[in-house]
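Residue numbers (the working numbering), protein chains in the order written: chain A, 1 to 289; chain B, 1 to 263.
These are calculated hints, taken from the structure and not from any lab test.
In this text the structure is predicted, and so the values were computed from the model without any measurement.
You may find that some hints are simply not true.
Claimed, not checked - Where chain A lies over chain B, by a calculated footprint (3+ residues, C-beta under 8 angstroms):
#: 1; stretch: 20-28
#: 2; stretch: 116-125
#: 3; stretch: 198-212
To be verified - In silico DSS-like links for lysine-lysine, alpha-carbon gap of 30 angstroms or less:
#: 4; chain 1: B; residue 1: K104; chain 2: A; residue 2: K206
#: 5; chain 1: A; residue 1: K103; chain 2: A; residue 2: K203
#: 6; chain 1: A; residue 1: K204; chain 2: B; residue 2: K180
#: 7; chain 1: A; residue 1: K203; chain 2: B; residue 2: K55
#: 8; chain 1: B; residue 1: K159; chain 2: B; residue 2: K104
#: 9; chain 1: A; residue 1: K206; chain 2: B; residue 2: K55
#: 10; chain 1: A; residue 1: K103; chain 2: A; residue 2: K128
#: 11; chain 1: B; residue 1: K79; chain 2: A; residue 2: K206
#: 12; chain 1: A; residue 1: K92; chain 2: B; residue 2: K77
#: 13; chain 1: A; residue 1: K204; chain 2: B; residue 2: K159
#: 14; chain 1: A; residue 1: K206; chain 2: B; residue 2: K77
#: 15; chain 1: B; residue 1: K159; chain 2: A; residue 2: K154
#: 16; chain 1: A; residue 1: K154; chain 2: B; residue 2: K77
#: 17; chain 1: B; residue 1: K232; chain 2: B; residue 2: K79
#: 18; chain 1: B; residue 1: K104; chain 2: B; residue 2: K79
#: 19; chain 1: A; residue 1: K92; chain 2: A; residue 2: K154
#: 20; chain 1: A; residue 1: K57; chain 2: A; residue 2: K128
#: 21; chain 1: A; residue 1: K206; chain 2: B; residue 2: K232
#: 22; chain 1: B; residue 1: K159; chain 2: A; residue 2: K82
#: 23; chain 1: B; residue 1: K55; chain 2: B; residue 2: K77
#: 24; chain 1: A; residue 1: K92; chain 2: A; residue 2: K57
#: 25; chain 1: A; residue 1: K204; chain 2: B; residue 2: K79
Unchecked claim - Here are the computed distance ranges between Cβ atoms for each label pair:
#: 26; chain 1: A; residue 1: G205; chain 2: B; residue 2: K55; range: 35 to 43 angstroms
#: 27; chain 1: B; residue 1: E138; chain 2: A; residue 2: E228; range: 47 to 55 angstroms
#: 28; chain 1: A; residue 1: L55; chain 2: B; residue 2: E101; range: 33 to 41 angstroms
#: 29; chain 1: B; residue 1: E206; chain 2: A; residue 2: Q161; range: 51 to 59 angstroms
#: 30; chain 1: A; residue 1: L55; chain 2: B; residue 2: F244; range: 46 to 54 angstroms
#: 31; chain 1: B; residue 1: S164; chain 2: A; residue 2: K203; range: 28 to 36 angstroms
#: 32; chain 1: A; residue 1: A125; chain 2: B; residue 2: R236; range: 43 to 51 angstroms
#: 33; chain 1: A; residue 1: Q263; chain 2: B; residue 2: K77; range: 36 to 44 angstroms
#: 34; chain 1: B; residue 1: E101; chain 2: A; residue 2: R117; range: 22 to 30 angstroms
Ideal Cβ placement from N, Cα and C applies to all residues, glycine included.
So the chains spell out like this:
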Amino acid sequence: MMRAIETSIAAPDGVPEPGPQSVTARGRAIVITSGKGGVGKTTTTANVGAALAALGKRVVLVDADVGLRNLDIVLGLESRVKYHLLDVLEEKVTLDEALVRDKRSETLYLLAAAQTREKEDVVTAQMKALVEQLRDRFDFVLIDCPAGIEMGFKNAVAGAQHAIVVCTPEVSAVRDADRVVGLLPSDWRPELIVNRLRPQLVKKGKMLSVDDVNGILRLPLLGVIADEPGVIVASNRGEPLALDPASETGAAYRAIAAKLCGQNVPAPTVNVPSGGFFSKLGSIFGGRA
Amino acid sequence: MSGRRIVITSGKGGVGKTTTTANVGAALAKRGRRVVLVDTDIGLRNLDLVLGVEKRIVFDLVEVIEGRCQLRQALIKDKRFPSLSMLAAAQTREKEAVSGEQMKRVIEELAENADYVLIDCPAGIEHGFRNALAGATEAIVVTTPEVSAIRDADRVVGKLAAASLPLRLIVNRVRPEMVKSGDMMSVEDVCDILQAELLGIVPDDEEIIDTTNRGEPIVLDDQNRLAAVYGKIARRLDGELVPFTNFETPGFFGKLINRLKVG
Numbered sequence: 001m002m003r004a005i006e007t008s009i010a011a012p013d014g015v016p017e018p019g020p021q022s023v024t025a026r027g028r029a030i031v032i033t034s035g036k037g038g039v040g041k042t043t044t045t046a047n048v049g050a051a052l053a054a055l056g057k058r059v060v061l062v063d064a065d066v067g068l069r070n071l072d073i074v075l076g077l078e079s080r081v082k083y084h085l086l087d088v089l090e091e092k093v094t095l096d097e098a099l100v101r102d103k104r105s106e107t108l109y110l111l112a113a114a115q116t117r118e119k120e121d122v123v124t125a126q127m128k129a130l131v132e133q134l135r136d137r138f139d140f141v142l143i144d145c146p147a148g149i150e151m152g153f154k155n156a157v158a159g160a161q162h163a164i165v166v167c168t169p170e171v172s173a174v175r176d177a178d179r180v181v182g183l184l185p186s187d188w189r190p191e192l193i194v195n196r197l198r199p200q201l202v203k204k205g206k207m208l209s210v211d212d213v214n215g216i217l218r219l220p221l222l223g224v225i226a227d228e229p230g231v232i233v234a235s236n237r238g239e240p241l242a243l244d245p246a247s248e249t250g251a252a253y254r255a256i257a258a259k260l261c262g263q264n265v266p267a268p269t270v271n272v273p274s275g276g277f278f279s280k281l282g283s284i285f286g287g288r289a
Numbered sequence: 001m002s003g004r005r006i007v008i009t010s011g012k013g014g015v016g017k018t019t020t021t022a023n024v025g026a027a028l029a030k031r032g033r034r035v036v037l038v039d040t041d042i043g044l045r046n047l048d049l050v051l052g053v054e055k056r057i058v059f060d061l062v063e064v065i066e067g068r069c070q071l072r073q074a075l076i077k078d079k080r081f082p083s084l085s086m087l088a089a090a091q092t093r094e095k096e097a098v099s100g101e102q103m104k105r106v107i108e109e110l111a112e113n114a115d116y117v118l119i120d121c122p123a124g125i126e127h128g129f130r131n132a133l134a135g136a137t138e139a140i141v142v143t144t145p146e147v148s149a150i151r152d153a154d155r156v157v158g159k160l161a162a163a164s165l166p167l168r169l170i171v172n173r174v175r176p177e178m179v180k181s182g183d184m185m186s187v188e189d190v191c192d193i194l195q196a197e198l199l200g201i202v203p204d205d206e207e208i209i210d211t212t213n214r215g216e217p218i219v220l221d222d223q224n225r226l227a228a229v230y231g232k233i234a235r236r237l238d239g240e241l242v243p244f245t246n247f248e249t250p251g252f253f254g255k256l257i258n259r260l261k262v263g
């Protein structure tokens, strides 16, 4: 059931050069962030990226979690990573040498984080310049932000122009997401993905609904992803669910990608009527926060 | 005699550090131990929410360190467990507001009047992580049976070893049926990769989402199976030999283990 391990190192991949029609249009750099860890930033980055590439977009995924990288695992590319972000920033290798092409898509690339270095090794200005450079060559630059709001967060946000905030229906995740939105540039309008929703629990009043979450955060809703064990299985296997035509969760990721490309997409349907109102939720932001 | 100072850490976020801190702390207090929980996630505090004391915070860790209040003034006593109290993190400050040396002094002072000081560490391995470690003399590493969580835990285990902190492992959110079907690593596999001694196995239980949202540690509910699980972890910390419940089967996940060795 597990796919075979790639043992050979792939030959350096060529990176698509900008086509004639896109010379003037630079790509969009979007940071995927959350504050709280473990809410699904990396899984979201991999799946939205794969879905965008399936729409024909040129996509690069940048793992900004220096020291605790995981995007390579979720994409199943860990054995192909030879060089990483810091090698590029420190000019040890060229960008082309460090970019790893996805096995399944010709237009999807990964720039891995260093595993044995510290976030403090990244110079914010260099990170910004790198993202600028990537925007010349790709339609979408998706930056997978580390958890927390320390240096790694600041570096991940530095080159971006837009943010997707990932939040689960839990009070702690909502509180952290609220804090992160406050730390993003004030002229941004971050979009929200509510992740790991269990409609049955919402119905029973045992989980916050999408409306409860967004009643606090008040962000444009980009998508809703249901909680299903298949996500863990897919991550362990390194196969993004977005590429599985039979998966409902995959369809939800594809809808998010279509929306990011400016297509009109119907509102997410995983939502259930707001049954469980958590009176507690309002009060957690009313204190000294 | 000064109490034990244990940091609860993981590398990866969202694997259950804060929930573990609250429930292990409550389980120890239930056994009559004097326990202080310290939230070191400055800027993104959540331990107060999980314990349901968010409205009772008057002073926080940073204010203690800056000398704006006495340590005892900042301690919030839990109303359900008389020997349990917590020190909240500041919500609107940065982790850099505190140094390791300052943190160490606070933790040592707390340990003078407690049997256990449990330090809830932030995600990641940055400044906040180093601060959380500064005052600790032992560690609990929390991980879930997922490749990414284990890879991060492995990195943290290395950092703990470098800091000469002895550690034990809690494997959280285990789904026995997924282990059985080969879709999840077994606890055995996890311990094998991390080469760490096991402290506890906590099954995945959707009740925990609800109790966490409500600010009621699950150990309050004696009927809940997780209450028994955390009770066993507390007894093991106290030095008792408690056998592990065998709800996991020895699943074979060899290829997965290989993937981690590549990385």
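How the hints compare with the structure:
1. Given as covered by chain A, the stretch 20-28 of chain B fails the check, having 0 residues with a CB less than 8 angstroms from a CB of that chain where 3 are the minimum.
2. Given as covered by chain A, the stretch 116-125 of chain B passes the check, having 4 residues with a CB less than 8 angstroms from a CB of that chain where 3 are the minimum.
3. Residue count for the stretch 198-212 of chain B with a Cβ under 8 angstroms from a Cβ of chain A: 4. That meets the three needed, and the coverage hint holds.
4. A distance of roughly 39 angstroms separates the Cα atoms of K104 (chain B) and K206 (chain A); the hinted pair therefore is violated under the 30 angstroms criterion.
5. For the given pair, K103 (chain A) sits about 40 angstroms from K203 (chain A) by alpha-carbon distance, which is inconsistent with the 30 angstroms threshold.
6. Distance hint between K204 (chain A) and K180 (chain B) is fulfilled; the C-alpha atoms sit about 29 angstroms from each other, no more than 30 angstroms.
7. Proximity of K203 (chain A) to K55 (chain B) is assessed by CA-CA distance (about 28 angstroms); at most 30 angstroms being required, the pair is judged to hold.
8. Taking the CA atoms of K159 (chain B) and K104 (chain B), the gap is near 18 angstroms; set against the 30 angstroms cutoff, the hint holds.
9. Among the hinted pairs, K206 (chain A) with K55 (chain B) is consistent with the structure: their alpha-carbon atoms are about 22 angstroms apart, no more than 30 angstroms.
10. Between K103 (chain A) and K128 (chain A) the alpha-carbon distance is near 28 angstroms, which keeps this suggested pair within the 30 angstroms criterion.
11. Taking the CA atoms of K79 (chain B) and K206 (chain A), the gap is near 24 angstroms; set against the 30 angstroms cutoff, the hint holds.
12. Straight-line distance between C-alpha atoms of K92 (chain A) and K77 (chain B) comes to about 54 angstroms, which puts the hinted pair past the 30 angstroms bound.
13. Taking the CA atoms of K204 (chain A) and K159 (chain B), the gap is about 43 angstroms. The hint is violated against a cut of 30 angstroms.
14. Our distance criterion of 30 angstroms between C-alpha atoms is met by K206 (chain A) and K77 (chain B), whose separation comes to about 27 angstroms.
15. Straight-line distance between C-alpha atoms of K159 (chain B) and K154 (chain A) comes to about 23 angstroms, which keeps the hinted pair within the 30 angstroms bound.
16. Of the pairs offered as hints, the one joining K154 (chain A) and K77 (chain B) is violated, with about 35 angstroms between alpha carbons and a cut-off of 30 angstroms exceeded.
17. At roughly 23 angstroms between alpha-carbon atoms, K232 (chain B) and K79 (chain B) fall within 30 angstroms of each other, so this suggested pair holds.
18. Annotation: proposed proximity of K104 (chain B) to K79 (chain B) holds, straight-line Cα distance about 27 angstroms (limit 30 angstroms).
19. For the suggested pair K92 (chain A) and K154 (chain A), the alpha carbons sit about 24 angstroms apart, so the restraint of at most 30 angstroms is met.
20. As the CA atoms of K57 (chain A) and K128 (chain A) are separated by approximately 22 angstroms, the hinted pair is consistent with the 30 angstroms bound.
21. A threshold of 30 angstroms between alpha carbons decides the hint, and for K206 (chain A) with K232 (chain B) the separation of about 27 angstroms falls inside it, so the pair holds.
22. Distance restraint check for K159 (chain B) and K82 (chain A): the Cα-Cα separation of roughly 24 angstroms lies within the 30 angstroms cut-off, and the hinted pair is therefore satisfied.
23. For the proposed pair K55 (chain B) and K77 (chain B), the alpha carbon gap of about 13 angstroms is at most 30 angstroms, so the pair holds.
24. Distance hint between K92 (chain A) and K57 (chain A) is fulfilled; the C-alpha atoms sit about 29 angstroms from each other, no more than 30 angstroms.
25. At roughly 28 angstroms between alpha-carbon atoms, K204 (chain A) and K79 (chain B) fall within 30 angstroms of each other, so this suggested pair holds.
26. The hinted range of 35 to 43 angstroms is not satisfied by G205 (chain A) and K55 (chain B), whose Cβ atoms lie roughly 22 angstroms apart.
27. For E138 (chain B) and E228 (chain A), the hinted distance range of 47 to 55 angstroms is not satisfied, since their beta carbons lie about 37 angstroms from each other.
28. Under the hint 33 to 41 angstroms, the C-beta atoms of L55 (chain A) and E101 (chain B), about 53 angstroms apart, miss the expected range.
29. In this structure the supplied range 51 to 59 angstroms is violated for E206 (chain B) paired with Q161 (chain A), their Cβ-Cβ distance being about 38 angstroms.
30. Between L55 (chain A) and F244 (chain B) the beta carbon distance is about 48 angstroms. The supplied range of 46 to 54 angstroms therefore holds.
31. Roughly 50 angstroms separates the CB atoms of S164 (chain B) and K203 (chain A), a value that falls outside the hinted 28 to 36 angstroms.
32. Taken as a hint, the range 43 to 51 angstroms holds for the pair A125 (chain A) and R236 (chain B), whose Cβ atoms sit roughly 49 angstroms apart.
33. The hinted range of 36 to 44 angstroms is not satisfied by Q263 (chain A) and K77 (chain B), whose Cβ atoms lie roughly 55 angstroms apart.
34. Look at E101 (chain B) against R117 (chain A): about 25 angstroms separates their beta carbons, and that is inside 22 to 30 angstroms.
In summary, the structure is inconsistent with hints 1, 4, 5, 12, 13, 16, 26, 27, 28, 29, 31, 33 from the numbered list given earlier, while agreeing with the others.
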